Amino acid sequence: MPRFEFAPVRLPPDALEARIRTREFLKVEITENRFVPHLNSWSSFDASFSARAGAAGLIGTSMPRAFGGQGLSSQARHTVAEEMLASGAPCGAHWVAERQSAPQILKYGSARAKAEILPKVFSGSCFFAIGMSEPDTGSDLSATRSKATRIDGGWRLNGTKVWTSNAHRAHFMIGLFRSAEVTQDRHAGLTQFIVDMTSAGISVREIPDIAGRSEFNEVHFEDVFVPDDMVLGEPGQGWTLVTSELAYERSGPDRFLSDFQLLVQLVDRLGVKPDAGDARAIGRLVADLVALRQMSNSIAAEIGTSPESGVKAAVVKLLGSRFEQELPEVARLMVQPQAKTPDGDQFTECLEEIMTRAPSYSIRGGTREILKGIVAKSLLA
Amino acid sequence: MTGIVQDLTGRTSDFEAMEQAVSRLLAREVTPDRLAQAESGQTAVEIWTALEASGLALALLDENLGGLGLEASAAFELLRLTAAHSVPVAIGETMIATALWGQPLDGQVTLISDFDRVPYGRQARFGVMQNGRDEIALIEMPQTMGPDRNLANEPRDAFKSDPAGHVIETRKPTLGKTMDVMACGALLRSVQMCGAMHTVLRLSIEHAKIRHQFGRPIGRFQAVQHMLADLASEVAAADAITGLAVRNWNREGFIFTAGLAKARVGEAAGHVAAIGHQILAANGFTQDHPLNRSTRRLWSWRDDFGNEAIWQQQIGRAICAEGGGGIWDQVLTANSGAQE
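Chains as they are written, first to last, in our numbering: chain C, 237 to 617; chain D, 40 to 379.
Bear in mind the hints are in silico, worked out from the structure with no lab data behind them. Among these hints, one or two may not hold up.
[As the list claims (entries may be wrong)] Some but not every residue of chain C turned toward chain D, in silico, with C-beta under 7 Å:
id : residue
1  : Leu506
2  : Arg520
3  : Val566
[To be verified] Across the chosen pairs, the derived CB separations fall in these ranges:
id : chain 1 : residue 1 : chain 2 : residue 2 : range
4  : C       : Pro300    : D       : Glu110    : 30 to 38 Å
5  : C       : Pro371    : D       : Ala56     : 40 to 48 Å
6  : D       : Glu55     : C       : Arg288    : 46 to 54 Å
7  : D       : Gly105    : C       : Pro248    : 35 to 43 Å
8  : D       : Gly364    : C       : Glu417    : 54 to 62 Å
9  : D       : Gly364    : C       : Arg288    : 42 to 50 Å
10 : C       : Pro371    : D       : Ser112    : 29 to 37 Å
11 : D       : Lys248    : C       : Gln420    : 51 to 59 Å
12 : D       : Asp53     : C       : Arg270    : 54 to 62 Å
13 : D       : Thr372    : C       : Arg270    : 52 to 60 Å
[What the hints assert, rightly or not] Derived coverage of chain C by chain D (criterion: at least 3 residues anywhere in the stretch with Cβ under 8 Å from a Cβ of chain D; other residues may be distant):
id : segment
14 : 410-419
15 : 521-535
All of these numbers come straight from a predicted model, not from anything done at the bench. Using N, Cα and C, we set each Cβ at its ideal position, and we do this for glycine too.
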């Protein structure tokens, strides 16, 4: 039997129907020039796009209708997400909220958290940041130092989170804090909180990334109050919870479609009759892509339900990020420089954007090395 | 000897039992001695006889044509097992040729694509060949062929005269016209390479657990762990895309998905062979160890029925013809298989 089985799956009717609706929405967006496909991806922040997508019922596809989601299958969600990414839609504002924060709150949040926050996420008007990394805490999440101290009616947070994408424009953050002293068990004593980013005591400093983009931040907490019902799960359960949230983070088509628009630009640039070498390069990339999509679709149906799904998600992320990083390196050698026109050169603009994003594909959501360790541990068990 | 496969199709589709029976047959019949004999040029008669008796060659042929009518996924899964055991006979070629021709045939039957390198050419009684877009031909294999072999010492023999002179009969393929012989061969080798890669993975994991150096199993070293992760990931991708092509058996998307599989699996095969040898190091580099039976097959099989470059070129041309805006839909069509 295969070691990791990625069984072929049929897309259920609600996924096929969701694809049609998403395409209809995107067609209008593109016709009306509301976004620029070759310059955007799932990291591009556009609050008004998110609001329109929410109004069109395209956020929270597999979330319960009771909270404003569409109550469809997880495969329908995967389908909406991949159509968005393939088209270069700027999903960045709501991406984290939809992909992981909302499912996390649904699973572990209090009644009030669910009732108040989820509908706003699904309307595309409530954005989240991920509070995991700290200056001294990257891959080793159990080394979390930011502290949560129990007080009357809630908790007091102190410390610093870093690499926090969009913290400067998020409404909430799900943050991992140390709520009890470190003991022999490094995974004990951690708690996840839903933090209101408008709370007193929070200060956000923008950290420009290598291309000068304004996405990363350092978030400082000084005696920030969080009420009891904004704890996720139980105090001390943080390790289990953060593992669950990371599974959501590693689960979607963004693990192999981050730079799909570059492939579109490349093929357009090569024209309809490429030479043999160029055709081979494209064929190789597409074979890789089809295999990735097959694997991604396969596990979309089982996210969270099978004990192996975390390891399989890691496999897809490993192969996916390798594909995403190879694409600009292959593409750049296949295209002749074009004389600059007043309208710019879409291929080159796209390539430059991707080139300065590519290193992050094998870092965010778990470094390549950590993921390989997860896969190996499973093989050697 | 009653057919194992035949026996079990009579019951409920008890695939697991069928799979176990075939595994036992292979473990029993494919011995190191017989493999060595086959590599020295002898026909592996006992292995062929056992497989023929199991009924496996009839797996893909419709029941009302005298076959077993297994689902393609089941038939190819059993075939993958034979490749994991390095069977030195043309069981896969026979299974496919039988389905294409539409009736049971005697003895080993090969698939002819490259006239200079016919798999098991000198052992096979018959061969099936493409004869134009809509037609296939049944060839009576000549008494003598120019003998040659691949790196796994499997026969890859050359026709000494035009095969057209050996045609017994031509017909429309029993399966649809999308079932072109070269694409069928490409799928066959993809399935077989998956089998061989699983053996490499299994041997590598075992070795990482039991080989001790510096006072611990080498699987404790991060470098080895990462290599295993890379190996397993390639195998997973190969399995996924081969499964997709198998699902397209006898459907409109077959040639395209078979080509995608062959391109991706061929590439995976090179990585897997290299990583397997690196993990098994000196031990794996000798005839004392079984690893080479699988890696020599991986190096050879990826060259049959179109290497990666050939299929990549075909895929790339098809993709570019539809422009950048058409890529996504072509990918969806490839993945959806028999969705409609």
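Outcome of the hint check:
| no. | hint | verdict |
| --- | --- | --- |
| 1 | Leu506 | holds, 6 Å |
| 2 | Arg520 | holds, 5 Å |
| 3 | Val566 | violated, 12 Å |
| 4 | C:Pro300 with D:Glu110: 30 to 38 Å | holds, 37 Å |
| 5 | C:Pro371 with D:Ala56: 40 to 48 Å | violated, 58 Å |
| 6 | D:Glu55 with C:Arg288: 46 to 54 Å | holds, 50 Å |
| 7 | D:Gly105 with C:Pro248: 35 to 43 Å | holds, 38 Å |
| 8 | D:Gly364 with C:Glu417: 54 to 62 Å | holds, 58 Å |
| 9 | D:Gly364 with C:Arg288: 42 to 50 Å | violated, 22 Å |
| 10 | C:Pro371 with D:Ser112: 29 to 37 Å | violated, 51 Å |
| 11 | D:Lys248 with C:Gln420: 51 to 59 Å | violated, 28 Å |
| 12 | D:Asp53 with C:Arg270: 54 to 62 Å | holds, 56 Å |
| 13 | D:Thr372 with C:Arg270: 52 to 60 Å | violated, 28 Å |
| 14 | 410-419 | violated (count 0) |
| 15 | 521-535 | holds (count 12) |
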